[in-house]
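Residue-level listing of the chains:
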Amino acid sequence: MHQQQPFDSSLEKPQFPGASAEFVDNLEFIQPNVISGIPVYRVMDRQGKIINPSEDPQLSKETVLNFYQKMTLLNTMDRILYESQRQGRISFYMTNYGEEGTHIGSAAALESNDIVFGQYREAGVLMYRGFPLDLFMAQCYANADDLGKGRQMPVHYGSKDLNFVTISSPLATQIPQAVGAAYALKRENMNRAVICYFGEGAASEGDAHAGFNFSATLECPMIFFCRNNGYAISTPTNEQYRGDGIAARGPGYGMLSIRVDGNDVFAVYNATKEARRRAVAENQPFLIEAMTYRIGHHSTSDDSSAYRSVDEVNYWDKQDHPISRLRHYMTARSWWSEDDERSWRKQSRKTVMEAFERAERRLKPNPELLFTDVYQEMIPSLSKQRESLFRHIQQYKEHYPLDLYEK
Amino acid sequence: MAAAAARLLIRGSHQTLPISSVGTGKQSCIGNALLTLSSGCNSRLKTQRRHAAHFTFQPDPVPTQYGSTQKMNLFQSITSALDNTLASDPTAVIFGEDVAFGGVFRCTVGLRDKYGKDRVFNTPLCEQGIVGFGIGAAVAGATAIAEIQFADYIFPAFDQIVNEAAKYRYRSGNLFDCGNLTIRAPWGCVGHGSLYHSQSPEAFFAHCPGIKIVIPRGPTQAKGLLLSCIADNNPCIFFEPKILYRAAVEQVPVDAYTIPLSQAEVLQEGSDVTLVAWGTQIHVLREVANMAQEKLGVSCEVIDLRTILPWDNETVCKVSGHHSIVSIIVGHFIIGI
Ligand SMILES: Cc1ncc(C[n+]2csc(CCOP(=O)(O)OP(=O)(O)O)c2C)c(N)n1
Ligand SMILES: [Mg+2]
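Residue numbers (this note's numbering), protein chains in the order written: chain P, 1049 to 1455; chain R, 25 to 361.
No wet-lab data here; the hints were simulated from the structure. Check before you lean on any hint, since a few could be wrong.
[Claimed, not checked] Dumping the calculated EDC-like pairs for lysine to aspartate or glutamate here, alpha-carbon to alpha-carbon at most 16 Å:
id, chain 1, residue 1, chain 2, residue 2
1, R, 95, R, 279
2, R, 141, P, 1416
3, P, 1321, P, 1103
4, P, 1432, R, 336
5, P, 1412, P, 1368
6, R, 138, R, 113
7, P, 1398, P, 1126
8, P, 1455, P, 1416
9, P, 1432, R, 338
[Claimed, not checked] Chain P residues, not near chain R, derived (Cβ > 12 Å throughout):
id, residue
10, 1063
11, 1087
12, 1106
13, 1262
14, 1280
15, 1292
16, 1332
17, 1351
18, 1358
19, 1408
20, 1415
21, 1427
22, 1436
23, 1439
Where a beta carbon is used, it is the ideal one built from N, C-alpha and C, also for glycine.
With the hints as extra help, turn the sequences into a complete structure.
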């Protein structure tokens, strides 16, 4: 642990236990922009050209193609699930459009036994880890295959096998939790880290402050990954904070911080990789602020034309998109042709549609599951309530579509 | 408290009679037959004393089934439980505000030196952080024992407790849980804590399925129940009656032992009326039961609920099937839902 300075009254230096610096004799307030203009680290320009060859992560063709396929598969899954909500087939959905680079770049830089605490717009991280399309669909349909037993709204995924902690709706609650998990991993000394994703909106919650401060003081192997996508539903960043974004807060907590171009999958990869390496080696937290743009509406319950212009959205969609940037990079190396693109698009759409149809046909979970897992054991009052529900359903079965549910 | 008690009463199926007593003095006595028996509630008498609260701690009999015992007050019995846990479970960690040097109520004295500063440590001053951190540590496999310095200050962590800890297992379909989390907090009045060092906030949590709430009446109970909370696979809140920390002394087993959760204890048989309470109020009730017998010839049954959630409906309703239940409320009596 960090040691407090020993007290020494002979020095003409301030001896307050809470700060160490020099005295000054002129009255001057610190400007808020002392740490303003934090630069944005990038590896590729918008045309997918490597700017500084020494920063090129030199990933194999196979790895890069995998990045690209995961990013586009995520995009395809989003389109189909978004559409299915519009048609009333699922209740709700949140797309990841425009943020694919932040997901895949960071996920690829982690070890598979690192624990992920997410917000809700990180489906690509789970996809990169190998979560099958069938399970994404099962969760969104809340069918009998949903690992969460149909208890949460769509996009609240979780996977024990893939070390991806189940998503929770209350914002930022995962941030101090991630720190606690990182502390437990540190004590196990098994060379593991925790990554915690959150939006720039969630970063305003008290829990974000709690997590930052705990991770620094308790020296946790932790990566805070903020997706700064410009909006929290309709609230733009200039109504969310007044400092220089989220990265500027790092120094206040005594934490290493970086701002990266989130639409540059290699920049995200490099930053996360190095943060992860050092977090584990040095037992300290890192803060990554990935600048990106939420191209889709906040969710299927939102119409963003009420608070932002189509031109603004179009710019990011057409001119600064993480998928097209990576595609430029691949094309320049002749790793990916028009034909490859066409057949991949066709194939990926087909796989997604097939998974979608399977999920739709599947039964809903057994209603019994309403009552389990509240406590590890079934408690008497819940078991009574369950019995009375089933008595009621039995009595009025003509009003309940029981054939849609597993028995 | 009112809420929990009232729910208890509604389910109790018979005539109900709420009593408010032994508050910090801010609470007037709600008129009822039993309270006029208590001199502690006579406001003129109260002003003569430094503390309005009156009760006589009644120690449990010396337990014989758990091996050798030692004289301990309630805070020492807590320390002893924590000591047993740290010794037997290498994943166990204890943390909170000022915990490292022994805690403001001395419950963790000596533990950092014995088990290391990575296992018994201070956190920044932030209750939502303490509980959130504890949840995450538990999710990752550690036995997490979080201290909230006073029950009055648990509210910044309300969301982490109610929306997170309580629902972790359910919402993940049992993929993840924080059953290894125990939250300890000093609870209730001592007589000079006033508004913000006296509260009994269990009712706020009693409506939240997924957590357990436990409040002991003395040192032996405290150690056994705390060890049960720590061992239990559900997140538990363990409220410690802080007026008993020093005032309550018993012979407490030195080794680890557990007392089952969700089991009320019938402390005294009686045939006319059932008195139900928990924590410090048990000692008030025992006195009240004696007075009721002596002065009114009323035979009272006394039950210590011990676990507020999930509570032991069966014991309370079974024994009281033939007469009315009186629940003793420590806090305010405004509404119970
Ligand atoms: C505690 C809490 N308050 C409010 C909400 C409602 N809500 C859901 S998402 C959201 C905006 C979050 O924005 P941000 O963190 O930037 O993430 P983004 O949606 O941009 O990915 C709000 C206000 C919530 N889920 N939880
Ligand atoms: Mg945002």
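How the hints compare with the structure:
For the hint linking residue 95 of chain R to residue 279 of chain R, the alpha-carbon distance of about 13 Å falls within 16 Å, and the restraint holds. Proximity of residue 141 of chain R to residue 1416 of chain P is assessed by CA-CA distance (about 46 Å); at most 16 Å being required, the pair is judged violated. At roughly 12 Å between alpha-carbon atoms, residue 1321 of chain P and residue 1103 of chain P fall within 16 Å of each other, so this suggested pair holds. Among the hinted pairs, residue 1432 of chain P with residue 336 of chain R is consistent with the structure: their alpha-carbon atoms are about 14 Å apart, no more than 16 Å.
A C-alpha spacing of about 41 Å is found between residue 1412 of chain P and residue 1368 of chain P, which places the hinted pair above 16 Å, so the restraint is violated. Between residue 138 of chain R and residue 113 of chain R, the direct Cα distance comes to roughly 14 Å. Compliance with the 16 Å bound is thereby established for this hinted pair. For the proposed pair residue 1398 of chain P and residue 1126 of chain P, the alpha carbon gap of about 14 Å is at most 16 Å, so the pair holds. For the suggested pair residue 1455 of chain P and residue 1416 of chain P, the alpha carbons sit about 9 Å apart, so the restraint of at most 16 Å is met.
Of the supplied pair hints, the one linking residue 1432 of chain P and residue 338 of chain R holds, its CA atoms being roughly 12 Å apart against a limit of 16 Å. The beta carbon of residue 1063 of chain P is kept farther than 12 Å from every beta carbon of chain R, the shortest such distance being approximately 22 Å. With 12 Å as the threshold on Cβ separation, the claim that residue 1087 of chain P sits away from chain R holds: the shortest Cβ distance comes to roughly 30 Å. At roughly 33 Å, the least C-beta separation between residue 1106 of chain P and chain R is larger than 12 Å, which holds for a residue marked as non-interface.
Non-interface call for residue 1262 of chain P relative to chain R: violated, since the shortest CB-CB distance, roughly 5 Å, does not exceed 12 Å. No beta-carbon of chain R is positioned within 12 Å of the beta-carbon of residue 1280 of chain P; the least distance is around 18 Å. The non-interface label for residue 1292 of chain P is consistent with chain R: the shortest C-beta to C-beta separation is roughly 24 Å, beyond 12 Å. Its beta-carbon lying about 15 Å from the closest one in chain R, residue 1332 of chain P satisfies the requirement of being farther than 12 Å from that chain.
Listed as outside the interface, residue 1351 of chain P is consistent with that label: its C-beta sits roughly 28 Å from the nearest C-beta of chain R, beyond the 12 Å cut-off. No Cβ of chain R comes within 12 Å of the Cβ of residue 1358 of chain P; the nearest lies about 37 Å off, and the non-interface call holds. Annotated as non-interface, residue 1408 of chain P keeps its C-beta farther than 12 Å from every C-beta of chain R; the closest such distance is 20 Å. The claim that residue 1415 of chain P lies off the interface holds: its Cβ sits roughly 15 Å from the closest Cβ of chain R, which is beyond the 12 Å cut-off.
With a least CB separation of 5 Å from chain R, residue 1427 of chain P falls inside the 12 Å interface cut-off, contrary to its annotation. A cut-off of 12 Å between C-beta atoms confirms that residue 1436 of chain P is not in contact with chain R; the least separation is 14 Å. With a minimum CB-CB distance of about 19 Å to chain R, residue 1439 of chain P clears the 12 Å threshold, and the non-interface call stands.
The structure shown violates the earlier hints numbered 2, 5, 13 and 21.
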